[in-house]
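Using the sequences and the accompanying hints, generate a full structural model.
Chains A and B are the protein sequences, given in the same order.
Under our numbering, the first residue of the first sequence carries the number 1, and numbering increases by one thereafter.
Under our numbering, the first residue of the second sequence carries the number 1, and numbering increases by one thereafter.
Hint data in this document are derived by calculation from the structure and do not stem from the laboratory.
Hints are supplied without guarantee of correctness; some may be wrong.
It does not matter which identical chain is used: a pair holds within one copy or between any two.
[Claimed, not checked] No farther apart than 35 Å at their CA atoms in a straight line, the calculated lysine-lysine pairs in the DSBU-like style are these:
no.: 1; residue 1: K82; residue 2: K224
no.: 2; residue 1: K15; residue 2: K439
no.: 3; residue 1: K339; residue 2: K350
no.: 4; residue 1: K125; residue 2: K101
no.: 5; residue 1: K391; residue 2: K179
no.: 6; residue 1: K57; residue 2: K376
no.: 7; residue 1: K245; residue 2: K81
no.: 8; residue 1: K224; residue 2: K422
no.: 9; residue 1: K81; residue 2: K71
no.: 10; residue 1: K15; residue 2: K336
no.: 11; residue 1: K423; residue 2: K255
no.: 12; residue 1: K194; residue 2: K71
no.: 13; residue 1: K407; residue 2: K350
no.: 14; residue 1: K6; residue 2: K179
no.: 15; residue 1: K71; residue 2: K82
no.: 16; residue 1: K406; residue 2: K52
no.: 17; residue 1: K486; residue 2: K52
no.: 18; residue 1: K255; residue 2: K413
no.: 19; residue 1: K255; residue 2: K422
no.: 20; residue 1: K135; residue 2: K413
no.: 21; residue 1: K194; residue 2: K255
no.: 22; residue 1: K15; residue 2: K340
no.: 23; residue 1: K57; residue 2: K393
no.: 24; residue 1: K92; residue 2: K81
no.: 25; residue 1: K52; residue 2: K423
no.: 26; residue 1: K484; residue 2: K423
no.: 27; residue 1: K339; residue 2: K194
Computed from a predicted model, the values in this text were never measured in an experiment.
The residues making up each chain are set out below.
Number of protein chains: 2
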Amino acid sequence: MTERIKRFQEFVSTKSIYFPSAEIYFDNHAGFYEYGPIGNKIRLNIIDFWRKEIVQKNDFLEISGSMILPKSVFEASGHLKKFDDPIATCSKCKQVFKLDKLLSEITSQEIHENLTIEDYEKKIKENNITCPLCKNNLEKITRFNLMAPINIGATEGAVAYLRGETCQSIFIDFLRIYKTSRRTLPIGVCQHGKVYRNEISPRNGLLRCREFEQLECELFFNPKDIDSVDLSNILNNKIRFKLLKDTEEKEYSVKELIDQNIVCGKLLIYYLDILQKFLLDLGFSLENMRFRETSDEEKAFYSKQTFDLEILSNNTWIELFSFNYRTDYDLTSHSKGSKKDLSIVEDGNKFTPHVLEVASIGLDRLFYLILENNFKIKEINQEQRNILSLKPKISPYFVAVLPLVKKDGLLEKSQEIYEFLKKENLFEVFFDEKGSIGKRYARLDEIGCNYCITIDHQTIEDETVTLRDRDTFEQKRVSIKELKEKLFCFYNF
Amino acid sequence: MTERIKRFQEFVSTKSIYFPSAEIYFDNHAGFYEYGPIGNKIRLNIIDFWRKEIVQKNDFLEISGSMILPKSVFEASGHLKKFDDPIATCSKCKQVFKLDKLLSEITSQEIHENLTIEDYEKKIKENNITCPLCKNNLEKITRFNLMAPINIGATEGAVAYLRGETCQSIFIDFLRIYKTSRRTLPIGVCQHGKVYRNEISPRNGLLRCREFEQLECELFFNPKDIDSVDLSNILNNKIRFKLLKDTEEKEYSVKELIDQNIVCGKLLIYYLDILQKFLLDLGFSLENMRFRETSDEEKAFYSKQTFDLEILSNNTWIELFSFNYRTDYDLTSHSKGSKKDLSIVEDGNKFTPHVLEVASIGLDRLFYLILENNFKIKEINQEQRNILSLKPKISPYFVAVLPLVKKDGLLEKSQEIYEFLKKENLFEVFFDEKGSIGKRYARLDEIGCNYCITIDHQTIEDETVTLRDRDTFEQKRVSIKELKEKLFCFYNF
Numbered sequence: 001m002t003e004r005i006k007r008f009q010e011f012v013s014t015k016s017i018y019f020p021s022a023e024i025y026f027d028n029h030a031g032f033y034e035y036g037p038i039g040n041k042i043r044l045n046i047i048d049f050w051r052k053e054i055v056q057k058n059d060f061l062e063i064s065g066s067m068i069l070p071k072s073v074f075e076a077s078g079h080l081k082k083f084d085d086p087i088a089t090c091s092k093c094k095q096v097f098k099l100d101k102l103l104s105e106i107t108s109q110e111i112h113e114n115l116t117i118e119d120y121e122k123k124i125k126e127n128n129i130t131c132p133l134c135k136n137n138l139e140k141i142t143r144f145n146l147m148a149p150i151n152i153g154a155t156e157g158a159v160a161y162l163r164g165e166t167c168q169s170i171f172i173d174f175l176r177i178y179k180t181s182r183r184t185l186p187i188g189v190c191q192h193g194k195v196y197r198n199e200i201s202p203r204n205g206l207l208r209c210r211e212f213e214q215l216e217c218e219l220f221f222n223p224k225d226i227d228s229v230d231l232s233n234i235l236n237n238k239i240r241f242k243l244l245k246d247t248e249e250k251e252y253s254v255k256e257l258i259d260q261n262i263v264c265g266k267l268l269i270y271y272l273d274i275l276q277k278f279l280l281d282l283g284f285s286l287e288n289m290r291f292r293e294t295s296d297e298e299k300a301f302y303s304k305q306t307f308d309l310e311i312l313s314n315n316t317w318i319e320l321f322s323f324n325y326r327t328d329y330d331l332t333s334h335s336k337g338s339k340k341d342l343s344i345v346e347d348g349n350k351f352t353p354h355v356l357e358v359a360s361i362g363l364d365r366l367f368y369l370i371l372e373n374n375f376k377i378k379e380i381n382q383e384q385r386n387i388l389s390l391k392p393k394i395s396p397y398f399v400a401v402l403p404l405v406k407k408d409g410l411l412e413k414s415q416e417i418y419e420f421l422k423k424e425n426l427f428e429v430f431f432d433e434k435g436s437i438g439k440r441y442a443r444l445d446e447i448g449c450n451y452c453i454t455i456d457h458q459t460i461e462d463e464t465v466t467l468r469d470r471d472t473f474e475q476k477r478v479s480i481k482e483l484k485e486k487l488f489c490f491y492n493f
Numbered sequence: 001m002t003e004r005i006k007r008f009q010e011f012v013s014t015k016s017i018y019f020p021s022a023e024i025y026f027d028n029h030a031g032f033y034e035y036g037p038i039g040n041k042i043r044l045n046i047i048d049f050w051r052k053e054i055v056q057k058n059d060f061l062e063i064s065g066s067m068i069l070p071k072s073v074f075e076a077s078g079h080l081k082k083f084d085d086p087i088a089t090c091s092k093c094k095q096v097f098k099l100d101k102l103l104s105e106i107t108s109q110e111i112h113e114n115l116t117i118e119d120y121e122k123k124i125k126e127n128n129i130t131c132p133l134c135k136n137n138l139e140k141i142t143r144f145n146l147m148a149p150i151n152i153g154a155t156e157g158a159v160a161y162l163r164g165e166t167c168q169s170i171f172i173d174f175l176r177i178y179k180t181s182r183r184t185l186p187i188g189v190c191q192h193g194k195v196y197r198n199e200i201s202p203r204n205g206l207l208r209c210r211e212f213e214q215l216e217c218e219l220f221f222n223p224k225d226i227d228s229v230d231l232s233n234i235l236n237n238k239i240r241f242k243l244l245k246d247t248e249e250k251e252y253s254v255k256e257l258i259d260q261n262i263v264c265g266k267l268l269i270y271y272l273d274i275l276q277k278f279l280l281d282l283g284f285s286l287e288n289m290r291f292r293e294t295s296d297e298e299k300a301f302y303s304k305q306t307f308d309l310e311i312l313s314n315n316t317w318i319e320l321f322s323f324n325y326r327t328d329y330d331l332t333s334h335s336k337g338s339k340k341d342l343s344i345v346e347d348g349n350k351f352t353p354h355v356l357e358v359a360s361i362g363l364d365r366l367f368y369l370i371l372e373n374n375f376k377i378k379e380i381n382q383e384q385r386n387i388l389s390l391k392p393k394i395s396p397y398f399v400a401v402l403p404l405v406k407k408d409g410l411l412e413k414s415q416e417i418y419e420f421l422k423k424e425n426l427f428e429v430f431f432d433e434k435g436s437i438g439k440r441y442a443r444l445d446e447i448g449c450n451y452c453i454t455i456d457h458q459t460i461e462d463e464t465v466t467l468r469d470r471d472t473f474e475q476k477r478v479s480i481k482e483l484k485e486k487l488f489c490f491y492n493f
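Shown next, in the form of structure tokens:
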């Protein structure tokens, strides 16, 4: 682990950004986390930002459905058969291992999670794999379903499941939403909510939890319109890919993507461009992201084309979400399962809409990656200082108001400015009068506060304050009169 | 059912405000609901309003914890023993009934849910109660636990539960939050999230679901400071109660509450006042709400004083949340359960903080009650029209932009105004060009849009539009220049 990651984890723990659920108890409750007050503010800001940039700007619809759905839904969707991981159990210590992960680590090859049982058995034999804990044989090579059943009501038998992804209610609700929306395709339907996956070995903190949140976005469209979108304004925009045919990451302009037939429709390119912009605005750098084209072996069987959006974190590419052209698989499956016709009629034609899974983002993963990617260590006066360089709309506090000292009327003046800035709820304001001004700056830099306003004796004389920038440490004298407007500009930049 | 309620339910269904989960499937999945796009907008606005008015204005902390917690947490909290309902099963048709509900309905007496099994048996005998469906005997009089167990991981035995309320993680996380907050008591800790209760007979739509959301707020304080709050500014504020000693609802001033020793501490009065204001701001009228004092028989055993906040809906008082002085019960229980000392030291004194459950609001219930209370039928030109009189911060759209007709440049002008109003995300703006202007007004009134802006031929000539008020139908000519500021004023009023 690098020094930076070590300091990052220490920061996360000491500030209670997030921490293990029920940690005061002895139970093994791996894979469950709580967000503390500062972490939760950042979490809420990310959700808000997604809602504004993805849902509202694209005029998508947002719904909120149940986390628990009846068995028949997941029978139709295929989750009860196919939403599983390959596992093996140690014949002696009985520890259970996720096989793709175990094999990948030991063989240093990339081994996917959807090989056949025979393939895994072959690989175990070939590579002489034993239990990494006690070196005994692995047995019970099988697939383990990640869906968690739950009994409903007082009588036996009514089995439902905790959803493993937020998209299924979008599919089963689609026809109703469509009918009451007074719209024609394409229609985007989004959902934010919790999901549960009974992971074998949750690990890496927020990167693989059992309970987590998704920010989901599914686009329904008429397949004949897959190229009916005007890209002329964005032809020169560049999107960063790792294609199967390329040996490394490469940026392609929208024009190149069209000309070289890399993406299977202009509609898909349109959203790839939007997603990249969204991620840049969230605070990722272009060199730390890529749309990785997946092989046929790797991608879901119903997908016509899949790009995994990956973020570089601590020298490893981490999947943040899949961009999936799901075709008519979902509506057709639920049509069969429910025996309800889920096709629609537009312009006299009856058809089953196709689905583009624009993004099904793991919120907790996104949260972790934003923080980790923007956590910096800066040396100042031979002291190592943590800086969390969050964007204004994501940071827990955009601006803090700090009286230099509490006496001479500075505390009162500061409170006045604090109330004035807070009034219309334009951005989040923090007040801090405890400790030396240097320590306060350091604390605020560490949690990502973008600006500090310091009220000193000069403030009383000429109605000006100092405005300090978190990233450059630059301090400027600003009149109180201009303060709110200036900050509002910075906030919306 | 009244005509108004009938029309309300029809409105909810045809507009997909909310609807049963997995309704295209045949499974009995009672007690689960989905919010459609308009319903979800209102739901999100209510959450936002709570966050701003309760969490932020009171400087409370907000966390976000797991929905699934280990068994030991609920053993300590008492949920596995006491979070249950009395039930009886029909000896013939095997239907299960919630006993307090069944007995209350049949005997027309108020029968609470925490009597002993013997008491229920006695009442069944006395009143000759049989199965309301098939008239056979009731048997298996017992208590049914509402907590839903779930197996974690691939090995048997690790049992956890879906939480039945959002407060437990607040209690078990408290010490960590306290230590990293750099604050002293009192400290409010809030949480919004889903909970699950395995209800015997979910009913009344959103009023009793199995899966629902809570808006939770717990205040930790030093019991010696229960009267250390200055109420001098609110002495004349009146709060509406239904006390045990009174035969009907009655308003008491804060001064009367103190003088007559009605509430067991000034700190409690302070928050009762805040809560009443919050509910009024959400759109309830004072005559439709009351803090009902609960009897010893009715209230939770750990509570020193409980007021149930109830809302009048369709001539029935519905509990929205409990205001509970929980004393040190929760921290003491988890201290024992976890064997960790959860007391703190302030001013040299070691003590276990007391907890005031300020409000643990069922969001879905709140949602339903706001809509139902504000759903009105207005007769216009001998036509019955639905109006949803939501407050600006709650309504799905605050303002709609409507071109009178699409030709003569009115569509373009309207789009320009729409983009201009949307720009800084000050409030939600809707655009609608489909159908006659009268029908558009009617549709927008029905979903609660506060204002309509109509762009007509005069707009092109003199840069003015008409601004129409949803509740009064009044239309005024306003210049485009003043429009945004005026609307922003109305929005924040």
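Hints, verified against the model:
no.	hint	in the structure
1	K82 x K224	within (30 Å within a copy, 58 Å between copies)
2	K15 x K439	within (15 Å within a copy, 54 Å between copies)
3	K339 x K350	within (17 Å within a copy, 65 Å between copies)
4	K125 x K101	within (16 Å within a copy, 63 Å between copies)
5	K391 x K179	between (39 Å within a copy, 27 Å between copies)
6	K57 x K376	both (31 Å within a copy, 32 Å between copies)
7	K245 x K81	within (32 Å within a copy, 61 Å between copies)
8	K224 x K422	between (50 Å within a copy, 32 Å between copies)
9	K81 x K71	both (12 Å within a copy, 29 Å between copies)
10	K15 x K336	between (50 Å within a copy, 26 Å between copies)
11	K423 x K255	between (47 Å within a copy, 30 Å between copies)
12	K194 x K71	both (18 Å within a copy, 20 Å between copies)
13	K407 x K350	between (75 Å within a copy, 31 Å between copies)
14	K6 x K179	between (52 Å within a copy, 22 Å between copies)
15	K71 x K82	both (14 Å within a copy, 29 Å between copies)
16	K406 x K52	between (39 Å within a copy, 28 Å between copies)
17	K486 x K52	both (22 Å within a copy, 23 Å between copies)
18	K255 x K413	between (56 Å within a copy, 33 Å between copies)
19	K255 x K422	between (46 Å within a copy, 31 Å between copies)
20	K135 x K413	neither (68 Å within a copy, 75 Å between copies)
21	K194 x K255	neither (38 Å within a copy, 45 Å between copies)
22	K15 x K340	between (51 Å within a copy, 21 Å between copies)
23	K57 x K393	both (16 Å within a copy, 20 Å between copies)
24	K92 x K81	within (29 Å within a copy, 37 Å between copies)
25	K52 x K423	both (22 Å within a copy, 11 Å between copies)
26	K484 x K423	both (10 Å within a copy, 18 Å between copies)
27	K339 x K194	both (28 Å within a copy, 31 Å between copies)
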